[in-house]
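J.: First to last, the protein sequences are chains A and V. Here the first sequence is numbered in the working numbering, starting from 1 and rising by one per residue. Here the second sequence is numbered in the working numbering, starting from 113 and rising by one per residue.
Heads up, some of the hints might be wrong.
Unchecked claim - So the derived list for chain A, only partly shown, Cβ under 7 Å to chain V, looks like this:
| id | residue |
| --- | --- |
| 1 | 11 |
| 2 | 32 |
| 3 | 57 |
Bear in mind the hints are in silico, worked out from the structure with no lab data behind them. For glycine and all other residues, C-beta sits at the position ideal for the given N, C-alpha and C.
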Amino acid sequence: MKKIEAIIQPFKLDEVKEALMGIGVDGMTISEVRGHGRQKGHKEVYRGREYTVDLLPKLKIEVVVADARCEELVKTLTAAARTGKIGDGKVFVFDVAEAIRIRNDDRGDAAL
Amino acid sequence: MATPPCNDPVRALAERTALVDGMVERAAADQLWPRFPAGMALLAVGGYGRRHLFPHSDVDLLLLIENSRLGTDTRERLSAFLQTLWDAGLRLSHSVRTPEECAEIHDRNIELNVSLLDQRFLAGDRALYANFAGRLPRFLHAQRDTLARNLARLTRERHQKYQDTFYHLEPNIKDTPGGLRDYQLVRWLARIRDVEALEIEPAFLFLARLRCFLHSRSGRDNNTLTFDAQEQAAEYLALPGAAQLMRDYFRHARDVYRAAVRELESSEAQNSSLFTQFKDWRTRLSNADFTVARERVHLRVPQGLEADPELALRLFQFVARHGIRPSAETAQRVSAVAPRIQEWFATPRPVWPALKEILSLPYAAEAVRGMHDTGVLRAIFPEMAQIECLVIRDFYHRYTVDEHTLVTLQVLAGLRAARDPAVKRYTDLLSEMEEPALLLCALLFHDVGKAVENGGHAAASLHLAEPALERIKMPRPERDMVCFLIGRHLEMSAVMNSRDLQDPATARHMAQRVETVERLKALTLMTYADISAVNPTAMTPWRAEVLWQLYLSTYNELTRELETDRIPAALLESPEKRAFLAGLPTRYARTHSAEEIDAHLKLEGVYRQRGVAVALDKLEAAWRLTLVTGDRPFLFASVAGTLSSFGMNILKAEAFSNSQGTVLDTFTFADPTRTLELNPTEIDRLRATVERVVLGRLEVRQLLQHRAKPAPPSRGSHVHPTVSFNPEASDSAALIEIVAQDRPGLLYDLASAISSQGCNIEVVLIDTEAHKAIDVFYVTAAGHKPEGEQLEKLGEALRRACGA
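Same shape as in the complex, but just chain V (with noise of 0.2 Å):
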């Protein structure tokens, strides 16, 4: 196989076009014209007619006929014409039709519609042809919405067939974004537009080069570009390796990419005008820098950037604000003024305030990634410009360097619209962040390193970084929370993969290595983002199961370390506090905040003057009761059902007890047909009901005989209930969790069964879901943890009260 010599791409594909013109002519001559002497000519069209012949793409010829009716001997004719053709080793691709054909716009008609934009006479009756010819200039002209809007809807469907990206490992250099495909569309979308096309010959002539060495390697028209292609293009190209070779691709993929969307969105616009009209109310948004019109940002003084370089820095802030891109026209004017930006920046100046804001505010990642496409990015942070297009040569990594930089902080922004629970405990995370800009920040830079050859990437990263957030001011402390992540930013990973989680010492270990819960809630997003930027299906559920494990493992050993570092000066503060929390379940002090156990502490002093105290609150979307009083037996259970007696439909609750007997139960409840809402003063007999139960003076038996039986569930929602023992999750305490049909009274009977054991409640927690509920139960009995046959003598009389 001789390789062909491609350093001047345009000349070869031009040699090979003149070769099959005269085959063609010579076949046309021997097997047409003695038979057609008129009525007849043949075009080339699409790369043919544009003289971009490559050694093995289709041949697209044309023959334009006079009557559309073919008798059967014209048609011996044309196909011993193509079988020539055929045998002559061409991939011929034909049609025929009249010039009326050619001018009808329908679906099916498409391909051939676009080829026409590149249609050459070839030979045959020149009178039809310069008839035809004559009248496309006019159909062009007439039809060129609709033509562009099939172009572009075209293009979009292919677009979507590649994810929409031009980062492929092994791209089809024809067909993905940013391929040949792309630099013919804005060819001609500008000439249907009539406008001037977007300089990219560099591109072309760099793809070109790639495509006629792919046709001659392969002997056939094959235009990915494998692994394999990729080390032997190299060689071919004398560049110094595969992954320089596609960084390269990258760069050329990216311009022909953006020159493609720059083009689709001005014909779409054009062609959707009462669309943008109405969308035009954005104007408003218009502020004395920036004017707003068709969904585009555009410069009030465009050359106020020269002297103005800030002015960059807010375009993007309102970029940022509004989540609306700057137009065409302004990106280019940032591009040309970047150097004169980089100049600006290279000085030592508070530039951090502006960035936080641009990194706070919600459309953060589309902001930066402006920022990236005009250099604005580069020209403050030059240490960025070492990982642009920077090849990861492997099977996993789908993206260059910058773009998994950018992908990181899309990841973070469309964890704000994630439904799946698995993920939504994610996006709770972020939204918990008190300085999410820091960790945007750190996701910035934590690549940056990646071009330094020796060494670990995270290190190089941190040397970059240092200097740069020194360079715009950023204050200590931030600055020490984005080093920390830049620095540590695989920390987790290595976790996940190299250690047993279910070994409490890697908790410890992990907890000593992010000290607080602040920094670990940022890692672990940061993590996230990081691993989920790699490629589309990097984050599987298995894996964000793995950090989630991970995050609470963690999450649980530092706030476990808090208890110890903080309750005992707490403990310090008065005796009547030390008293109260002496005994009660570590749990309680790690999941409430000090000015509930301060409401707690007062509702005690209630209980020891009254017997009882009972508060009622209302919350967001229920209510909650909170009772201290002295343990006794049934307490619990009398108070679920007294709230049932009130038609409450009790949605969690707790119950802890400390050291001298003191109990504290927590309901939370949904008041489902609003009583206490609509009447208040049942808010107080509420309370004062329960006061009078836990004081003895009145039976809950009493106040459920009143309340109507609830309906049988339908068979359709029937929950079969169950009751399971997990004797390994408490050294103190039986673990008993039931899961039944949710009804009024069933706390209360379950809680009832409970007590009639002889047992003690310690915690409760109870969860519905729709008709189920989800009840467990933490039960002593006698200060110890109930066995054997006492053990089973209580399952006997909850699966009773359950029905199971």
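Just chain A, same shape as in the assembly (with noise of 0.2 Å):
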């Protein structure tokens, strides 16, 4: 199993989510996040002062899948999220050791 765990930009949230359930993976996690990559931040006037917008909202995507539907699920997501422009975001990849559903203890890609 792998979790896919994906920064993208806010407005890209209903196109990524979309394409995901296209491809079957309906359960996901997703929180508000603030942080900065390569993009930093920028700099805004407002009445004369700069004003530093240096943490950028993000959205966080989370996703547990078998390990065979992961490079297919990368795919569809980083296609969904792209822009093509800087702060498009990145995905991170990481094994998972188990998995289990509270509800009646399935284990493993079941539980998923």
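From these two lone chains plus the hints, build me the complex, please.
T.: Following this line, the structure appears as structure tokens:
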């Protein structure tokens, strides 16, 4: 099993969700995060004051899937989240040791 | 699982009580009475005592005993008796007390004290019971203040646990505010105070039916109305759907909650007479229509409402001005004449001026809540009736639509007390609003269209609002603003969720939609209030940041537009102005008012005659030096050094130069020792010194030699200096940001370093946070953006200057 953690532009959420549902992934965790990578932040001028926007609002999507589905999911996700500009985000893939469904103790892929 | 016939809950509860009575009596007859023919009595207390025994409620028993010392044999007998009942499936909750112990008032005894209010004899020693029951009324009367206080405290604690609101998505219908416990509280407090309880029987019947259903559904004492349970309960009660069930629930819970709060307030008022006397100074707020007593507004002539329905509006103007709520009696009177008020306002009348005043006053949110609770708001705007207790049934919307509307107003009012800088900027926005009443009015109507099924609710709300606003004779321009806000109230959140905020097209799109800065500000605040009022955690810092960025980029887009619209017109005014403005960075025009530009133009005239012009102005908590002169190397550094030599602390500085090489520098500085204030002659000396330095007649180094070196900063407050470049910030200049320990002369040293590298300072922004100086320089070299080796050398020089 793999856990896919993606940091994406907030306005891309709907597209990404639809694309993932399109390939049959319907469970995911979404959180509002702030941070920056190479995009750094930028400065805005407001009434003569420089206003630094150093932490940019992003969304984090987390999904756990069976190994065999990982590549397809990453491809679909990146395609949907891409604008080609700086700030599009990143995808991280982790190995997952075990998954357990609390309700009935299903384990492994069956718990996903 | 058989569903009990809960259509007549009172009968069902009484039947269950009778059944349990029989079980208890039989068990007692078998186990207790043969051994204890006297000296012990069984009492039903709490819910069991008042014959409100729900299918799986606890059965509260009080074993009244004559002698507090129980022998081992007695204990064994009692255990056997209780075990029999346990085995029969009853959830027992029992206590063993002597009559004296029952009358003890202390913290651990509160529940028992309260449960005695509903005591009932079951079986046992009648004489013992008669003795106890004979003393009970006297005890209750003597201790009524303490009892009421304890009850009120427990209730306040319980309400607090549920955030003091009856709006919960999955309410516990017993414990949440407005639940069955509050219904009991109303009856208990009324009994303790020996007054008649407020009439809330329909709410009790509804809640009791629901609780019966919940108990039999889950087979235990489960009182949580979960989403699943809501679906089933709606079916069971033959209601069209769960949304309707919850609408009914909130309506009843609201009645119970209001009654409970009113009873609590009455008891607390009786208890804290000293405190209220102290607060009665407010009576001097009384006027021809109203008196104020005990923190509440009363009508002088209660019958006046019939003849003069606008008295109701004046009442709420009074509330909005002073933040004092109407007394319970006043509120009841107003509610009672609501139909008359509605009739009065059905004819188009100029209500808007009075309403506008209410919405402009400091306690507008409280006043509007009062108008809503008494039915006055609905009487003026029958359109509002459709959203009363209307439920948006999902995991996101915490409140009914009418409550959400009231919460939006509270959110805006709450902004006034904001401390968090991320929230504070919205407070500033609100204080900049010319007509906040229009924003509040738009919020009142923004969701009235939610009851309409088809199409978007913004359009439906607008459709309902337009005739209503016409009816109250709101003038056209104000109506346009309100209608704009209602119709567009979803647009900013839509853009926040679906557009790239970094893309200039997003700002352009938003700017086209709002057209003016005033509208943008109002719509931003409206969006802020609307999101915040969905549920208590909906406005995350994350969202607040996204909304602010959208505001910022749109604001800058709009002001940029203003610039292209306005400046050319201004340019035509005079050739001098045209020449002066030409080549100044666009930021200059954006950040200075027309008056300031005129003042600068006058200084430029002085400069032309004398080679230098200096103005010194006293600001709120600082001074400002404005300098106009011809550009030359080390100019900015020299002035900064001169100010430091006078002991001034530079807070902010800006440097601009136009295409003719005229320089406009402004320095905002603090005068920590109040030299200028206490010695007016120093003002002239400072001005003259700056002029001499600028004209090259005085060396700034000499001035600085006489200043004592500042003490080295203590280790704890040391700021590690950094020099960083941002190559992307500007196309024409290098942006250098320097963070360093603030010290006198720092700006002079930094500016000198830049000049010594043959660079020119285009714009400077200085900020200080405690001991930390944050200086941003936009630097050019021979009119170009310095790059490569030159930039590296510049960086080295700056690092040396600030000790990095």
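J.: The structure should be examined with respect to each hint, and the outcome stated for every one.
T.: Hints and how they fare:
{"no.": "1", "hint": "11", "in the structure": "5 Å, holds"}
{"no.": "2", "hint": "32", "in the structure": "4 Å, holds"}
{"no.": "3", "hint": "57", "in the structure": "5 Å, holds"}
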